[in-house]
Amino acid sequence: MTDKDAKLTQAENLLKQNQHSQAIKILKEVYKKNSSEESILLKLAWAYYDSGDIKQAIGCFQELFERELPRKVFAGFAFDELVRIYKQEKDFCSLVEICQRAVASQPDDINLLMELVNAYLLTGRSQEACAVCEKMLNLESDNSAIYCLWGNALFTAGLFAESERAYLRAARIDPEQEDYYLFKLAILFQEAENHKEAIRIVKRCIAENPDNPLYYCFWGDSLIGLNQIKEACRIYDQAVQCGERKDTGAYYNRMGNSLMKARRFSEAALSFRKALEQETNPAYYNNLISACRAIEHEDGTQKPSS
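Numbering (my numbering), first residue to last: 4 to 309.
Keep in mind that the hints were calculated from the coordinates and are not lab data.
Keep in mind that the hints are not guaranteed to be accurate.
[To be verified] Pairwise CB distance ranges, derived in the manner of DEER restraints:
(1) His300 <-> Glu15: 49 to 57 angstroms
(2) Arg74 <-> Glu32: 23 to 31 angstroms
(3) Ala286 <-> Asn16: 39 to 47 angstroms
(4) Gln25 <-> Ile57: 16 to 24 angstroms
(5) Asp302 <-> Gly62: 54 to 62 angstroms
(6) Phe80 <-> Lys233: 33 to 41 angstroms
(7) Pro110 <-> Ser39: 26 to 34 angstroms
(8) Ile292 <-> Glu143: 46 to 54 angstroms
(9) Pro213 <-> Ile57: 42 to 50 angstroms
(10) Gln91 <-> Ile292: 40 to 48 angstroms
Positions of the beta carbon are idealized from the N, C-alpha and C atoms, including for glycine.
Model the full structure from these sequences, guided by the hints.
This is the structure in structure tokens:
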């Protein structure tokens, strides 16, 4: 065993014992003498990461990325790790920069282009995201995933009709999954609190796949958003009817959570009680307690002072 191998083994043993600082010291020493060996730099990057020193870990992965970038075959391992870390740390500006550099090096790589679109969307650059999607569609015009991503970018840009057309195009490519693609659009409308449009789209999903209880739960949530509580209860009952019996408690718990968000605490408490009737789940019980406390607090704030 060479001196290098012995020290690497020693560092690995120290890492197993969570003695990161000592392991890092050894790895830095070995890497200094063997700076062309990327496997050592990778070990050092992970040692920094596991020790909680994210900044130093990023520095190591960036050095690896610089080596990856000019190669004809782009392995992208360091790129993938940097993308993951930047997302984790919510460093979206750095995320955009690294995605732009990767795409500049590999301009026709669909996976890299998709990462760039997602990075643009995270930074609110929806027009640029749309432009990249259009470039991807010139490369692969029959890729349903690209149409979905384009639909997302168009929606973020406020182009709702165009977004719907993009999702419908994805559905035409893969007609057996039409409800799946349209549901993505329904979610976007619900997240934007455009509940009428969310309901319109989810009804189309149900027309394609009437046995999916999730769609009824979603419909009920948007009805709650529109303050149509009685109708929401009826639709949630449909979810219960077409779902499996073991999931009934989960459906009523979900309804209770939606009612809590809408500050309909009394109705939420009833839903949590229904959930508990189906399953003695501690989470449902805690939710019921929260609803009851909210009712008490609301009653207290509304009580006139003497």
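Hint check results:
Taking the beta carbon of each, histidine 300 and glutamate 15 are about 55 angstroms apart, inside 49 to 57 angstroms as hinted. Between arginine 74 and glutamate 32 the C-beta distance comes to about 28 angstroms, which sits within the given range of 23 to 31 angstroms. Separated by about 42 angstroms at the C-beta atoms, alanine 286 and asparagine 16 satisfy the suggested range of 39 to 47 angstroms. The given range of 16 to 24 angstroms is respected by glutamine 25 and isoleucine 57, whose C-beta atoms sit roughly 20 angstroms from each other.
Distance hint for aspartate 302 and glycine 62: a CB-CB separation of about 57 angstroms, consistent with the stated range 54 to 62 angstroms. Range check, phenylalanine 80 to lysine 233: Cβ separation about 55 angstroms, and the 33 to 41 angstroms hint is violated. For proline 110 paired with serine 39, a C-beta distance near 29 angstroms keeps the hint of 26 to 34 angstroms intact. About 52 angstroms separates the C-beta atoms of isoleucine 292 and glutamate 143, a value consistent with the hinted range of 46 to 54 angstroms.
The supplied range of 42 to 50 angstroms is met by proline 213 and isoleucine 57, whose beta-carbon atoms lie about 48 angstroms from each other. About 33 angstroms separates the C-beta atoms of glutamine 91 and isoleucine 292, a value inconsistent with the hinted range of 40 to 48 angstroms.
The structure shown violates the earlier hints numbered 6 and 10.
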